[in-house]
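Once you've looked at the hints, dock chain B against the given chain H.
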Amino acid sequence: MAPSDLSSFLAGEDPPPDAPSDAPAAPATDDPARAPAEPATEPGATLVNDRYEVLPNRPRPQPLKGIAPAFDAVDRREARAEIIAHVCISGLPPRTDALGALRGVEHPNLLKLLDFGLAAWSQDGSEHPFILLERPRGNPMFLSMEDRRPPLSEDILTRKVIQPASLALRELRARRVFHGLINPMNLYLGEGASDVAKLGQCVSDAPGIGQPALFETIERGVTEPVGRGKGSVEDDLYALGITLMMLALGHNPGRRYNSDRALIAAKTDYGTFAALCGDDRINGSLTEPLRGLTIDDPAQRWTLDDLEMWINGRRLSPRQAAPIKRAARPIPFDGVEHLTLRSLAHAMANAPIKAQKLADSKDLETWIRRSLEDEPASERLEEAIRSASSGSGGAIEHRRLSRVLMALDPSGPIRYRGRSLMPDGIGAALADAMARGSGAQEVAEVIAGQLPMFWVNVQPGLRPEHVANAKIFDAMRGHLDRLAPGSGIERCLYQLNPGMPCLSPMMRGHYVQDLARLMMALDEIGASGDHPAEPIDRHVAAFIAAHGASLLRGGGSVDSQLSAIGATGKPADRALAIGSILARLQQKLGNRPLRNLCKWFTTMTGPLVEKFHSRSLQRRVREELDRQAATGLLQNQLTILVNANLGHRDLAAFRAAQRQFRGNAMKIQHIKRLLSERDRFTTVNGRQVTAATTMVVSGLILAGIVLTSAV
Amino acid sequence: MGGAKGGKVMMILGTIIAVSIVAAPTALVFAVGLVPTIVALLVDRDTGRYGAVTVGSLNFCGVFPSAIHLWQGGHTVQDALNTIANPYDLAIMFGAAGIGWLLYFGLPPLIGSLLVQKHEAEIRRIEGRQKALQEEWGADINNAAPPPSVS
Numbered sequence: 232m233a234p235s236d237l238s239s240f241l242a243g244e245d246p247p248p249d250a251p252s253d254a255p256a257a258p259a260t261d262d263p264a265r266a267p268a269e270p271a272t273e274p275g276a277t278l279v280n281d282r283y284e285v286l287p288n289r290p291r292p293q294p295l296k297g298i299a300p301a302f303d304a305v306d307r308r309e310a311r312a313e314i315i316a317h318v319c320i321s322g323l324p325p326r327t328d329a330l331g332a333l334r335g336v337e338h339p340n341l342l343k344l345l346d347f348g349l350a351a352w353s354q355d356g357s358e359h360p361f362i363l364l365e366r367p368r369g370n371p372m373f374l375s376m377e378d379r380r381p382p383l384s385e386d387i388l389t390r391k392v393i394q395p396a397s398l399a400l401r402e403l404r405a406r407r408v409f410h411g412l413i414n415p416m417n418l419y420l421g422e423g424a425s426d427v428a429k430l431g432q433c434v435s436d437a438p439g440i441g442q443p444a445l446f447e448t449i450e451r452g453v454t455e456p457v458g459r460g461k462g463s464v465e466d467d468l469y470a471l472g473i474t475l476m477m478l479a480l481g482h483n484p485g486r487r488y489n490s491d492r493a494l495i496a497a498k499t500d501y502g503t504f505a506a507l508c509g510d511d512r513i514n515g516s517l518t519e520p521l522r523g524l525t526i527d528d529p530a531q532r533w534t535l536d537d538l539e540m541w542i543n544g545r546r547l548s549p550r551q552a553a554p555i556k557r558a559a560r561p562i563p564f565d566g567v568e569h570l571t572l573r574s575l576a577h578a579m580a581n582a583p584i585k586a587q588k589l590a591d592s593k594d595l596e597t598w599i600r601r602s603l604e605d606e607p608a609s610e611r612l613e614e615a616i617r618s619a620s621s622g623s624g625g626a627i628e629h630r631r632l633s634r635v636l637m638a639l640d641p642s643g644p645i646r647y648r649g650r651s652l653m654p655d656g657i658g659a660a661l662a663d664a665m666a667r668g669s670g671a672q673e674v675a676e677v678i679a680g681q682l683p684m685f686w687v688n689v690q691p692g693l694r695p696e697h698v699a700n701a702k703i704f705d706a707m708r709g710h711l712d713r714l715a716p717g718s719g720i721e722r723c724l725y726q727l728n729p730g731m732p733c734l735s736p737m738m739r740g741h742y743v744q745d746l747a748r749l750m751m752a753l754d755e756i757g758a759s760g761d762h763p764a765e766p767i768d769r770h771v772a773a774f775i776a777a778h779g780a781s782l783l784r785g786g787g788s789v790d791s792q793l794s795a796i797g798a799t800g801k802p803a804d805r806a807l808a809i810g811s812i813l814a815r816l817q818q819k820l821g822n823r824p825l826r827n828l829c830k831w832f833t834t835m836t837g838p839l840v841e842k843f844h845s846r847s848l849q850r851r852v853r854e855e856l857d858r859q860a861a862t863g864l865l866q867n868q869l870t871i872l873v874n875a876n877l878g879h880r881d882l883a884a885f886r887a888a889q890r891q892f893r894g895n896a897m898k899i900q901h902i903k904r905l906l907s908e909r910d911r912f913t914t915v916n917g918r919q920v921t922a923a924t925t926m927v928v929s930g931l932i933l934a935g936i937v938l939t940s941a942v
Numbered sequence: 043m044g045g046a047k048g049g050k051v052m053m054i055l056g057t058i059i060a061v062s063i064v065a066a067p068t069a070l071v072f073a074v075g076l077v078p079t080i081v082a083l084l085v086d087r088d089t090g091r092y093g094a095v096t097v098g099s100l101n102f103c104g105v106f107p108s109a110i111h112l113w114q115g116g117h118t119v120q121d122a123l124n125t126i127a128n129p130y131d132l133a134i135m136f137g138a139a140g141i142g143w144l145l146y147f148g149l150p151p152l153i154g155s156l157l158v159q160k161h162e163a164e165i166r167r168i169e170g171r172q173k174a175l176q177e178e179w180g181a182d183i184n185n186a187a188p189p190p191s192v193s
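Protein chains in written order, with this note's numbering: chain H, 232 to 942; chain B, 43 to 193.
So that you can see chain B by itself, here it is in the shape it has in the complex:
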């Protein structure tokens, strides 16, 4: 098991190193721009790592325009350094991650409340059906064994 996990990490590292060699400017921009995501991955201990997913998704959206701009230019290390030194680009990258963090902390209580209301409504609906059944069939409907037939 440990071997398989280690192999996976090694494969990811190998891929990153290979991409860094082949596309060093892109790697540089993503390495710097996705720092909030890396941090989120490190601090998020939830099973589903929903925090990292939320932050990472928006963080990636913040980095992606700078990467496109780099690809449309010369795709040089200098351009990459200029990008990561540009506060405007950094603000977009980290700002998007910040929005991710805001959503991660602000949205779940709201959604949870909506879900609770939905389930409570479901209970009321089922209870209504139960009441109708009881009205139609009487209290005996709750008995485990059905009463004898008429004939």
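Same shape as in the complex, but just chain H:
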């Protein structure tokens, strides 16, 4: 439809049949993402970025649980290149920040990240992210936690592992990337004499996922993997320390503990080094870095500089971990006597019903004051109990226990109803829960109960990221309180996880991680016959709200625009709000034609079209909407529907028609009244007409007589 046609239509003129189109011009469809993908040459292979063929029939062994599966891949441009591809099929996004920072980085001690992209996985037909990495030379240094290897000497460890790892960590630190997956199963060493260890990939899953608890600090170890948070270089150094311990011993140093819980309890009670190396002999000079890297207090732990100084031959004064404050008299809980706050907190977290009883009693406070003589802990406990009623969501007993546990173990995670999450891991935990379809309620209650805020309050030192976290979770609590589209738990999900794909049920099979892809996916869904009635559901609204705040600025806040969808519940208002938001997004994203989405929107416009009074105008508007759908621009359709001139003219004509209708009705009433007295009407009018006719005829007769007589 041409602009002239559009303007003439809006002016109320009849459109010429088959008018050439010069409407607000939509760019030609030149979207490479929409171009039909070139088929992969290997049968069953998936082609990524038009370059890499991922071979599903050649899976790679995966020693770490929970990591995205890996497959061999082939580079079409360089057939000899040895490549593996991780396919992120869990529904959780890969680490987009790390992907950006590490793409193409050439470092001898880091597995090279070649590329990443989205493609439809041939095994399930759905879109997933693919991460292409160079295939590591050699095998992982350990094939599993139960594996046993000959212990490595100090010289080999230093030359082939410690030195390369320190260089790799320095590179990662420069790029602000936390690895989070340093362990012997993700450390590759070739068999050549000059080969050195390479750190494996860390980008396919959220930090913490796949990392055994052994390699995590006590705080991260007691946290569930998905909720461990972003981590830091100190955490990587700790993992490196445990890795070196395992390589130096030739076996898992935590094998004597039959569960992660027992392992962490031992680390808590004796300190990591003592708990893991207590009975094993380690070469004398290696003890120094192992002890330094595995100190449980992050402030005391060796830094990268300390490690490099040790590598360069400088011997540091042995560092001892600060003694943990122990009570003069133990407190019994769940059959075990505890001397430290942290140990008690871990035990209480594992037995919440008994823990609630202890938290409600005065025994805990008395023990802290009299036996532990820890005044700050006592004050934290008092604050935890006092503030438990603030916030909302969930039962107050759960919130109180969670706060009490944070008061006892401030550096530990937020423990709530069986979940244990670091504040910066709440986003990933929520994403995981939403992707799996269970467990989101507890995470929502953590946010609504202001538990992250309390966690920040009990930290011994205020760090800048704590303030940022407090602000973020305060905003999230506000989103949870609102019920309008664009708010709620879905908004928290996308706000806390910017790389999270849209989980709307209608997006099944699509991997939508930005607004441009969202619009394209909606267009594709619009082409299918069984699309939902409306293209914006709660997930899509929240996704738009989280990603489109800056794009949609100018028409009021994104929240107010989205809340209009659910404000009145009137279908016409909903359709208008949905159309307006999508049209603005389309405009801001370069007016790429979306013909199927336009057709979809057309099916929603019934209530809007029916607001015009004239049925013939309604027909013309429908025809025009269909014509405009062919341009693929939603704004063209909205211009017709939201047109003051057209509306005013329709209303004026309607009022005139109403007046005409009333006048006609009165006429009919008048005639019917006359006819209701039919006899009288017939007599009076008949006689009147007869008399008049007779007079006329008589006049003619007289004239004839006179004329005849005159002749």
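It is possible that part of the hints are untrue.
[Stated by the list, open to error] With a straight-line Cα cutoff of 30 Å, these simulated DSS-like cross-link-like pairs (lysine-lysine) come out:
1. K173(B) <-> K842(H)
2. K842(H) <-> K819(H)
3. K801(H) <-> K830(H)
4. K842(H) <-> K903(H)
5. K903(H) <-> K173(B)
6. K903(H) <-> K50(B)
7. K585(H) <-> K556(H)
8. K391(H) <-> K343(H)
9. K556(H) <-> K461(H)
10. K898(H) <-> K173(B)
11. K593(H) <-> K556(H)
12. K160(B) <-> K173(B)
13. K819(H) <-> K702(H)
14. K50(B) <-> K898(H)
15. K801(H) <-> K819(H)
In short, the hints are calculated from the structure, not lab data.
These numbers come from a predicted model, not from an experiment.
Chain B alone, transformed into the frame defined by chain H:
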């Protein structure tokens, strides 16, 4: 009011007496020939006196040829007496009045029926227009208050 009516009657009577004196033969013929009209005037109680008008018009047409014949002759009383005694002339005069009476009683039902049909057709025509309006504007067109505009 009574005075004005009485004056009018007196004026008509005066005119008739004057015409009777001046044109006695003509007056005689009209007096006899228009008897059906006089009767119709007496018996017709309708507001418009349509019966008297109908009968009178044709009765006058029946008398007028005899009057012309009288005027073309000597216009004497004897001629007038001959005329009113002539059964042929009387038949024309009273026959015309009779036709008037026939029309007065026979035509109105016919004309009334035609008028009813005409009005019924008018109703159907207007109702057709109403239906078209309703089809174009919907049932709301019958509402007293117009619904809100689109924009």
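Do the hints match the structure? See the list:
This hinted pair checks out: K173(B) and K842(H) have alpha carbons roughly 21 Å apart, not beyond 30 Å. At roughly 29 Å between alpha-carbon atoms, K842(H) and K819(H) fall within 30 Å of each other, so this suggested pair holds. Annotation: proposed proximity of K801(H) to K830(H) holds, straight-line Cα distance about 21 Å (limit 30 Å). For the proposed pair K842(H) and K903(H), the alpha carbon gap of about 35 Å is over 30 Å, so the pair is violated.
Restraint check: the Cα-Cα separation between K903(H) and K173(B) comes to about 18 Å, which is no more than 30 Å; the hinted pair holds. Annotation: proposed proximity of K903(H) to K50(B) is violated, straight-line Cα distance about 42 Å (limit 30 Å). At most 30 Å may separate the alpha-carbon atoms for a hinted pair to count; K585(H) and K556(H) meet this at roughly 24 Å. With a C-alpha separation of about 18 Å, the suggested pairing of K391(H) with K343(H) holds against the 30 Å cut-off.
For the hint linking K556(H) to K461(H), the alpha-carbon distance of about 28 Å falls within 30 Å, and the restraint holds. Between K898(H) and K173(B), the direct Cα distance comes to roughly 15 Å. Compliance with the 30 Å bound is thereby established for this hinted pair. A distance of roughly 21 Å separates the Cα atoms of K593(H) and K556(H); the hinted pair therefore holds under the 30 Å criterion. The straight-line distance between the Cα atoms of K160(B) and K173(B) is roughly 20 Å, inside the 30 Å bound, and the hint therefore holds.
Taken as a hint, the K819(H) and K702(H) pair is honoured in the structure, with Cα atoms around 29 Å apart against an allowance of 30 Å. Restraint check for K50(B) and K898(H): not satisfied, since their Cα atoms lie roughly 42 Å apart, outside the 30 Å limit. Between K801(H) and K819(H), the direct Cα distance comes to roughly 27 Å. Compliance with the 30 Å bound is thereby established for this hinted pair.
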